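The opening residue of the sequence shown carries number 7 in my numbering; numbering runs sequentially from there.
Each hint should be verified, as a subset may be incorrect.
As the list claims (entries may be wrong) - Each computed PhoX-like pair below joins lysine-lysine, with the alpha-carbon atoms no more than 25 angstroms apart:
id : residue 1 : residue 2
1  : K240      : K224
2  : K289      : K162
3  : K126      : K224
4  : K289      : K224
5  : K170      : K240
6  : K320      : K289
7  : K170      : K126
8  : K289      : K170
Said to hold, decoys possible - Computed spacing ranges between beta-carbons, pair by pair:
id : residue 1 : residue 2 : range
9  : L164      : P273      : 26 to 32 angstroms
10 : L163      : V309      : 21 to 27 angstroms
11 : E124      : Q282      : 27 to 33 angstroms
12 : D247      : Q141      : 28 to 34 angstroms
13 : Q282      : S135      : 33 to 39 angstroms
14 : T328      : L357      : 17 to 23 angstroms
15 : R190      : S135      : 56 to 62 angstroms
16 : G347      : Q146      : 32 to 38 angstroms
17 : L245      : Y175      : 21 to 27 angstroms
18 : L245      : Q139      : 33 to 39 angstroms
19 : Q239      : S135      : 54 to 60 angstroms
20 : S332      : R192      : 20 to 26 angstroms
These are calculated hints, taken from the structure and not from any lab test. Bear in mind that the values here come from a model prediction, so they are computed numbers and not experimental data. Note that beta-carbon positions come from the ideal geometry of N, C-alpha and C, so glycine has one too.
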Amino acid sequence: MSPGEKRESLSGLVAAIRREAAKLSNLEERLFDSQIQSSWRSTADIDSDLNAAIRAAENLAAARLSVRSSTNNLFKKICRKLFLSFLDRIERRRCQSELALLRVLQNLHAAQQRLYDELKEAQELTDQSLVRQFQHLQRQIDVQDSSSTINPELEKLLERFYCKFESEYRGSSDSVRHRLRPYRDRLTNSASPLRVVDLGCGRGEWLTLIRDLGHLVKGVDYNPEFVDICQQQKLQVELADAGAWLHSQSDQSVDVISAFHVIEHLPFSTLVGWIQQIHRILKPQGLLLLETPNISQFHVGLVDFYRDPTHTQKIHPQMIQTLLESIDFTDIETAYVDAHGDEIKWLPTDLVQLQDPGQYGSLPADLAIIARKAAEN
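With the sequences and hints as input, model every part of the structure.
Following this line, the structure appears as structure tokens:
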């Protein structure tokens, strides 16, 4: 084979290699779009291989140019044959370098393809996990919805039951108003009418008591039976869930919020949410009035508390005081209160020292909680 034929053969081989490399390069560009940053070989090793191959190709190209420029000197005729032989060796080595570079690119492509497959598999597993979690949550929601959906007839029966239960065991409306006198006395010295809201207002005893003092009163109750009773007394009462009502109110919009024998019906997390919302909507120096069964009284804590099937939580005075302090209420009072008779018995809990277990039986049946929102600085 003549030197010219060798050069044409080598040129054809180089062209074929470059065409294959170009195809592979296009594939590499598409794979790089997936932004896979590592492979079965470290990036540093691949970069090192690529740089070494490129340097080898550059060195060989420089050598070839150097030889070509030397053919213009005085020894041109003498070196022509040697040059063709030398050029053949250079072309072969350049081909070897390009083949080495091609192998590096092939390895890189294979590594990236494996990473792409692994990433796709991981994505599929993640998607399957998310689908399972979503289905689990959806089942829980469906169960909750089904458990919270009460037959309308059953709901009406429960409303009638609790209205009758209140009349039987809470006492008459007159007796309840009589027992609420200690809280009424807290509102008698106001210079102007106060906006007062009673949560779980029931039959409206507290509302009628303070309406007579000239205050602007409103009740909130979830039981339509109680709402009807209140409206028959010309009281402003809203049929609503008290928690939802609290969330819908504006900041610093109410002077006094009360809830008598309500908080023992709430789970603790719900109670915390209520107290937070009450603090938000009370005006500075606004007043919170609460009453709940006194669980320290033996008969109440062991018997009476369980008479009401909707009681869920016993309220300890130290617990409720700590909760109110945590939400920045001030002037907190907790007291055992009894106002059944003409005399009001008001025993601050921190002053009651019980030495004999029998003394627990003589405590008042109710626990009073009074707190105030701090004044603005």
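Each hint, compared with the structure:
no., hint, verdict
1, K240 <-> K224, "holds (11 angstroms)"
2, K289 <-> K162, "violated (37 angstroms)"
3, K126 <-> K224, "violated (61 angstroms)"
4, K289 <-> K224, "holds (16 angstroms)"
5, K170 <-> K240, "holds (21 angstroms)"
6, K320 <-> K289, "violated (29 angstroms)"
7, K170 <-> K126, "violated (65 angstroms)"
8, K289 <-> K170, "violated (36 angstroms)"
9, L164 <-> P273: 26 to 32 angstroms, "violated (19 angstroms)"
10, L163 <-> V309: 21 to 27 angstroms, "holds (26 angstroms)"
11, E124 <-> Q282: 27 to 33 angstroms, "violated (48 angstroms)"
12, D247 <-> Q141: 28 to 34 angstroms, "holds (30 angstroms)"
13, Q282 <-> S135: 33 to 39 angstroms, "holds (35 angstroms)"
14, T328 <-> L357: 17 to 23 angstroms, "holds (18 angstroms)"
15, R190 <-> S135: 56 to 62 angstroms, "holds (60 angstroms)"
16, G347 <-> Q146: 32 to 38 angstroms, "violated (52 angstroms)"
17, L245 <-> Y175: 21 to 27 angstroms, "holds (23 angstroms)"
18, L245 <-> Q139: 33 to 39 angstroms, "holds (38 angstroms)"
19, Q239 <-> S135: 54 to 60 angstroms, "holds (58 angstroms)"
20, S332 <-> R192: 20 to 26 angstroms, "holds (23 angstroms)"
In this structure, the hints that do not hold are numbers 2, 3, 6, 7, 8, 9, 11 and 16, in rising order.
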